[in-house]
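Trainee: Protein chains in written order, with the numbering used here: chain A, 4 to 351; chain B, 70 to 1077; chain C, 78 to 238.
Zero decoy hints are in this set.
The list that follows gives simulated cross-link-like pairs (lysine-lysine, DSS-like), each with its CA atoms no further than 25 Å apart: (1) Lys338/A x Lys102/C; (2) Lys215/C x Lys631/B; (3) Lys215/C x Lys338/A; (4) Lys95/A x Lys44/A.
Treat the hints as calculated values from the structure; they're not laboratory data.
Listed below, chain by chain, are the residues.
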Amino acid sequence: MPTINEKLTEEIRTQAKALLADGTVAAVIGYSRGSLPMTVKPTVVRASEDCGKLVWNSFCVLNLANYLPEVLKSVEPPRGPRDPKPEGPLAKVAVLATGCWSRNIVVQTQEHQVDRDRVVVLGVASRGMVSRRKVEEQFAGREILAVEEFDHDLVIKGADFEEKINRWSVVRDNCQTCTRPDPVLVDVRIGEPASERKNPNPFQQVDKIEEKSSDERWAWFTSEFSTCIRCYACRNACPLCYCPTCFVDDAKPQWVGKSLDAVDTGLFHLLRAYHCAGRCTDCGACESVCPMGINMRMLTKKLNKDVLNLYGMEAGMQPASPLPLTTYATDDPQKFIVTEAKAVKEGE
Amino acid sequence: MPKGSVLVVGGGIAGVQAALDLANSGFLVHLVERTAAIGGKMSQLDKTFPTNDCSACILSPKLVECGRHMNINLLTLSDLVSLDGEPGNFRAVVRQRPRYVDPTKCIACGLCAEKCPKKVPNDYNMGIGKRKAAYLSYPQAVPLKYAIDPTHCIWINKPGRCGICAKECPAGAINFDDREKDHVLEVGSVVLAPGFSRFNPSSLDFTGYGRLPNVVTSMEFERMLSPSGPCMGHLERPSDGKEPQRIAWLQCVGSRDIHRAGNAYCSSVCCMFALKQAVISMEHAHGEFEPSIFYMDMRTHGKGFENYYNRAKEQGVRFHRARVHSIIPADDQGNLKIRYVDQQGKVNFEEFDMVVLSTGLQPYRHIIELAAMLKLELDADHFIKTDSFNPVASSRPGVYVCGAASEPKDIPQSVMEASAAAAEAGRILAPVRWTETSKKQYPMEMDIHAQPPRIGVFVCHCGINISSVVDVAAVSAYAGNLPDVVFSQANLFTCSQDTINQMINIIKEEKLNRVVVASCSPRTHEPLFQETLRDAGLNQFLFEMANIRDQDSWVHQHEPVKATAKAMDLVRMAVARVRGEGALPYNTVPVTKSALVIGGGVSGMTAALTFAEQGYPVTLIEQSDMLGGNGRKVFRNWKGDAILPYVTDLAAKVTTHPQINVKFNCEIKDVAGSVGKFSTTFSDGQSFEHGVAVMAVGGEPYKPEGKWQFLHGSNANVHTLLELDKRFIEEDATLKKVKQAVFIHCVGSRIPERPYCSRVCCTHAVDSAIKLKELNPDMDIFMLYRDIRTYGQRERLYQEARGKGIIFINYDLDRMPQVEEVNGQLIVKAHDPIIDAHVTIHPDMLVLATAIQPRQQSGKNLAKFFKCAIDSQGFLLEAHMKLRPVDFATEGVFLAGLCHFPKSMEESIAQAKAAAARASIILAHDVVPAESITAEVNRAKCTGCGLCVEVCAYNAVSLDENGLSLVNTSMCKGCGNCVAGCRSDAVTLKNVGNEQIMAAVDAAFCDE
Amino acid sequence: MSKTNKTSETNMTSETNETDTWEPKIIAFLCTWCSYAGADLAGVSRFQYPPNIRIVKVPCSGRVSENMILSALKSGADGILVSGCHPGDCHFISGNMFARRRSPLLGNLLEFVGIEPGRVSFSWVSASEGEQFAEIVKTVTERVKALGPATRLIKKIDQAA
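Using the sequences and the hints, build the whole thing.
Mentor: Set out below in structure tokens:
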């Protein structure tokens, strides 16, 4: 009996093959098997005969929307930076998308990075992706040689051991608190739709930090981000970070120093998170790729919480509305507004 | 040849607007103001309705522009004493009283007033509190020059006795030998904007005004609310300084009152004035606050007013429809008891902490003398009489009038009339535009592009204003040692003419390519120093100021060491900022000298003629096959003049005018370009290039439906006002046979779906009822109304109607009139609140006063073409409700008539002329200036995310065909919102980029 | 100026009281059209306030980005004040509304990572609110003084302290 993911993999291959074969799309963005256990490789398939290498499993932690603008450009006829856009319809690209990835495609559309008409979304409901780090921590000191995946369990194999663990227990934090596993955009449905997950408090980790004192929070922040080596893997994995020059590379003025000084790394993460305000879908790619295991998601999650509470908006959920920071309401809250002789801290 | 100059009398908002419009369209203006400073009544207001804008804040820039304008000759403390000649060639004598302070020397340091020993009641604060005999009317006064009050000055009355001000003045500006002088001025036209006075309630004994300290007039209360007023904006009552919790406003004190006040008219503005004060007081109050308004009819007939009224009700303002019998002391603590009679005739008492009398507007007494001298006709209320179809024309040709001198009116209406008066005054003078004006010439600018920075710093003592606190010599020496600073000097008065001349030489000799002045505020002095740079051949944008007076020495008077350290910081920051600045272009856009007018109603035709008569080609487009619009459907105006003959005549003038091209059955397909150069394509495929556009697309009557239908359309005896007008126009003889008629007011207005008052229907309905009475004096007429809003002198019609026996019955939305038909007979049932009983009427005619609404289709689409804003009701939204009533935020596009808001025909005519006048300012120039500090995009960094496009309020940013951001410099206002929004730093603001700002910030922290 | 100024007497510190104790430096980004004018009016009216602020004139409160605020803290500011026109009064139509939108997101984020509340403040000051401006500067200065020197975003200062 095939597992859910095996069935999905089969469906992905069939649909991708059909789309490429009849010329509906020029490329399909998906995943192929990785070289190490618990890894997969983001892959662009451009020929129907290559579709057999596409896979779907619990280790698809990178956000495929990140590759979409580039792949879309790759299927356009070549042109110089100042040449006008070519006439006529341009080739399309299919992309696999879960709930958060599809919401990123919405944001990319709102921000003119992606032309929605050129994208065929292969919508697949996410069952939560597994955190390799969580598994490795459970097997600390033991080398994992293979992982076999079942619907609700993982079987971890080493040279001298084989253990079965519960899959959900090692699913990433962002997936565990996710309320919207089902894609908001679906052109071709893969598998069954998932219903919205009732999560009593998607912001529980943020709340925990908020409960701390100011000094404790500062201690948490400095220790959490002190190990950052400024490799920018988080930035590179993020579909929101598409600026040709990042603010960290600006010289006049130099907003953030490039050193590993705690102030520089701290400022980098604060500003990067702030730049994601109202746009982040909590896909978790940044954390998944961080070689140092920094929980930088806490910053974006905090901003997501505020954007939702203050402005009632969630990234990618209101495709027809402007993004939260490009609009305003006349009665927006005024929490930090100081008035004469007193600091007004507006209530809820 | 006519004269190319105009005399404007009155420096209130109307006079200032007229002066600016005229001076900016090519005429030399002599602006004559009675007091020592321009600003008028508006400058005394705390806030303005319906936006609650700070009055001084929105007015101040206009005053400063007026004060600095090369072609406005400001004559304060002056009166017009004679006027001879005829239109085009008048000879005016203006008598100027002595100021005793030499305005060329006064630096407005305030020492004279501080040291003056003579205290006098502060007339600017309506007599509340004191000022000195040497005084400045208010902090933002223009000219910002002190004056000495000759009636109170000790020296002037007894020479030799005082003279302290002369001893103390650091600039030597006091001149006790100043004498009255006469200016003889040859002008082409005259605009009168002498303003209005307020009714003095001392004569109304029942109010207790003058006897009871806690009874104040609304203008006194306004000064008390003002942060710059005698109570510094704290709510306190006069008797004991306690914060009042219960305030009552009494409406119509001195208005709508022939018996006690002798004023028959309604003052138009007091209802909103009181509402605003009630709402603002609530904001000021610290604890419980109960505002109450005692009124006869709430008249909130302007744009946004009804909403304001509704909000005030929600916020807890209480309303009593009652006339107050008397105000008596309630105790010996200063509380007051109001005795009033409610609608049912019951006598009630209520206690208050304070009472505000909403005193009416009335003409100044001296207006009567002025009118006699100018041979102008006045009306029965002593307002200056104007023409029905030319609302700014007085009875004397060439003399125009605007503002509340011709009828009580609010600020936007006054501003509209001011622009309209400017249009009229300039019309016959169009051929001599720019003949008497002067234009500044500048030397060639040095190219500093490849030069290393050479910064010069000028540090000002400002007499002792700065140097009494800050060690100016130390600051100057410190500045001289800063990197790139090659010259530093301290001056006694940097803004004095001799220092300015010296600065020009220093810039040239020292080859300075950046300048910093450390003195006062750039808001007042930057233009002067920037001009100095231009005079020295340096681009004016290579300049920064360090504000070491207003923001240092004046606010740290007792901390000289810290103030000096701060001054050094501020200079270092300014030097850091100017170092990164570059020369900017003086941007301009060439002007296509023609106008597009959209809409062929009375407003559109008036605007088109106003352009054409000045010689500008006009294309007028009309969507139907006939000119005239709603004007053809109205019988007569409130003054009794028939409208159709006027409209027919106007249409004939428009169609035959050689400069006007009328296109019928025409709509707009596309609009490209911006101010100075639009290109519009029409539905017939033709296109037209024009520098400006006026939207006059009109409005349409609401078609009664639902609960407001009242059998309209099914019973032949139910009419709308316009349908009745049609019968009047056709002289339908059967109207005489009507025995009983009922009018229902507010049909479709002032309801949740249409939360505005349609302004004209009360007057229209009352006048129609009077007309019916004229046809058949025995006719019984009942008016079912919510509030009668015959504002201004239209109130006379209401009085006349009541005098003729027309019966007015109040209704409200909870007790709507019911209309039914039994065997063809109309039956109207209503509830009469006065007798608290149901009345049943069997009229043979029912007339519905229906709402005016914006055109559903055309308005919205057109607004999109010109990027104009629309309000929630679909009316076009002007740039500023108070001070820019005919401009759009989009430059070069203007509006007039019903598409803006319901209004009467004379108001539409005034607005149309105003729109044409405002547009003519652009057409009078060969180029229009554009902002120099504009955003620019580094395309290599741009992601094309479009955030900058979204946050730009001026539609100046768009994405180009490559999807990258592009700034239209001619539309950019330099706010920098796009810069702050850009994540990749792809957008910058020239000279106000992150580079310059952060250089200043960083400099604040690197000592030495 | 007539001396009706109520607060001028109460807030005077005599010259001898100027001591060498630590004084914070606060950067105030003020919009040209309202708050900068309000600061000028405070001067014209001689409302005294502590000499700790360094005013940086910007066209509009909406011009001030989070980068600028954080960078100023990094450069050594002990406090930041951003002040613009009251909502609805923006000279540039809506700049202050965007500034208001952004302010709680940045403010909350800074508090979330342990930057002391009160380092960054926002206010609305109109051109006619000279006294209010002085009061706000007093409030902000007192708050920053109570917090002590800002060290958390300054390089080369012992973070663990």
